[in-house]
Amino acid sequence: MERKKAIWGFVFTIPAIVFFLIFDFYPVANAFWMSFFKKDLLSLNPPKFIGFKNYTYLFTSEAFWNSVKATAIFTFGTFVPMVLVSLALAALIITRKRFQKFLQMAYYSPAVLSSVVAAMIWLLMFDPRGLANQFLNYFFNTYGVDYHWLSNENMLRLATIIVYFWKYVGYFTVIFISGMASIPRSIHEAAIVDGASGWQDFRHITLPLLKPTTLLVSVMSMIQCLKTFSTQYLFVQGGAPRGPIDVITLNIYNTAIRDHQIGRASAMSVILFFVIMFFTYLQFRVSRSEEVSY
Amino acid sequence: MKKKIISITIDVIIWIFLLGFAAIVLIPLVFMFTASFMPSNEIMKMPYPWIPSEFRWQNYWQAIKGNDGNFLFLRSIWNSFLVASITTIGTVFLCSLTGFGLAKYKFKGRNFVFFMILGTLMIPFEAIMIPLYLIVTGMGMQDTYAGMIIPLLMSPFGVFMMRQYLLTFPDEMLDAARIDGASEFGIYWRIVLPNSVPAIATLSILTFRSQWDNLLWPLLIVQSPEKKTIPLFITIFVTEKYTNEGAMMAAAAIASIPMIILFLTLTKYFLAGSEVFAARKD
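Protein chains in written order, with this note's numbering: chain A, 1 to 294; chain B, 1001 to 1282.
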């Protein structure tokens, strides 16, 4: 009876095992395998084994290093401010007695839009005659200056960072709020009774106890930024130059689908895989060792 | 007294900062909705007028009708709805079944299966999209709904979440059903599923939203215009008629309204869903 029952547990997991073998483990193995071949997407010739040539090609290719640079700038430019600002917002919201829910909803609302819609709205706002220029002109008290949001290399990078920051800052604020809410009130009360100010309470109570959440959010947002695609893709489709925002996923897509170079695209995928794997591993390690007990 | 004034001042500054930030975050949304009613020259007027001088419903009509008058936008809304719904139903069913198997049965190799599934959490979709594309093409599913749906039918995160939830499911309920002669699948279907609504709702919203938003996978799989989902349609619409900004924003508004309504009615589950890992395939 018990054994018969146990078999059902295995039966229930069979679909999952089959699914993950076909659609996750096999593709990973396949990407590794194909990265050693020269294969054209449309050609009927069998792929030709070329060893590490795809990798050596990439490491000497300017376009690849440009993608690494674009991805690195985007990732660090986005996730660092995002973590800091969402932490600050959460810390302030949680001190409010009213409108907590409203503020959370307002900050969160851009995350509800699809990334394509978000990019489209901002494309219009970054238009030379659009709101972004008007805002900067108002702010710097200038008149009719065009800041070249979509044509200047650095402004274009900043533009994609702003879109992503805007879309996800509320999402991470909500995560921080739930992390802060799980710290028992009694600890804060004890600190206040002992004469701690609001800032001291945050600095010496909230921040240390929040460390697991902070680490989780940092790594999670970082990985998300490494995988960014939609914003950059839509900006390029909308007429922005590709070079400064040619992030690695966009490069993989174009190499495989437009240039038909499956081998090279696979080699890039493998590199992306290892980079993200490394950070995910770090996240698991860190989140396990930093478990806090109250 | 002086201390009180300082604390009130700080309080006011915090309020200004929080509400000001909320206003900045909401500006692009307000821009989208107001611009969707304006003619192009009004959208690009400096300074931006904020209130449409007249409500140009033609923008919406143009977005719906499309530049060629083929109503492909309506078709893409239907496609998005179809693909996201089926993926969600499949994900909820398969992930909860697997989670149930892992949480409530002790079979040989259970831990191995669990860690294998957990291990796939580390595989970024973007790194396997090209081989996945070749596999799906090889199976003859290129340019089909099946090709869009099947590879996304399960998420390791969903399995993980359902397992964690079901670990605390009371064994007495399962045993009572067994004594009543229910089959093991019957227990899952009639006892476990109806009693897991909170976890299922959170997983559903996560999945539906990430599929509604999915650009990359349909972009690889779909070629025929009548199978394109909303993100694909919008991408083309932007390049096709970049000049008519009003219709662009109308299309953006139409694409966003279903999600905004879901968000306003099911806020709780949206906010709960973000506490956990983001779904992998977004």
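Just so you know, these hints were derived from the structure itself, not from any lab. Note that this is a predicted model, so its numbers are computed, not measured. Treat the hints with caution; some may be incorrect.
What the hints assert, rightly or not - Chain A side only, calculated, beta carbon under 8 Å to chain B, not exhaustive:
1. Ala-6
2. Phe-12
3. Phe-37
4. Leu-42
5. Leu-103
6. Gln-104
7. Val-116
8. Asp-127
9. Met-155
10. Leu-158
11. Gln-237
12. Thr-280
13. Leu-282
14. Val-286
What the hints assert, rightly or not - For lysine-lysine, the following DSSO-like pairs were computed, each having C-alpha atoms within a straight-line distance of at most 27 Å:
15. B:Lys-1268 x A:Lys-101
16. B:Lys-1268 x A:Lys-4
17. A:Lys-97 x A:Lys-4
Glycine is no exception: its CB is placed at the ideal position from the N, C-alpha and C atoms.
Please write out, lowest number first, the hints stated earlier that are contradicted by the structure. Those not satisfied are hints 3, 4, 9, 10, 13, 14, 16, 17.
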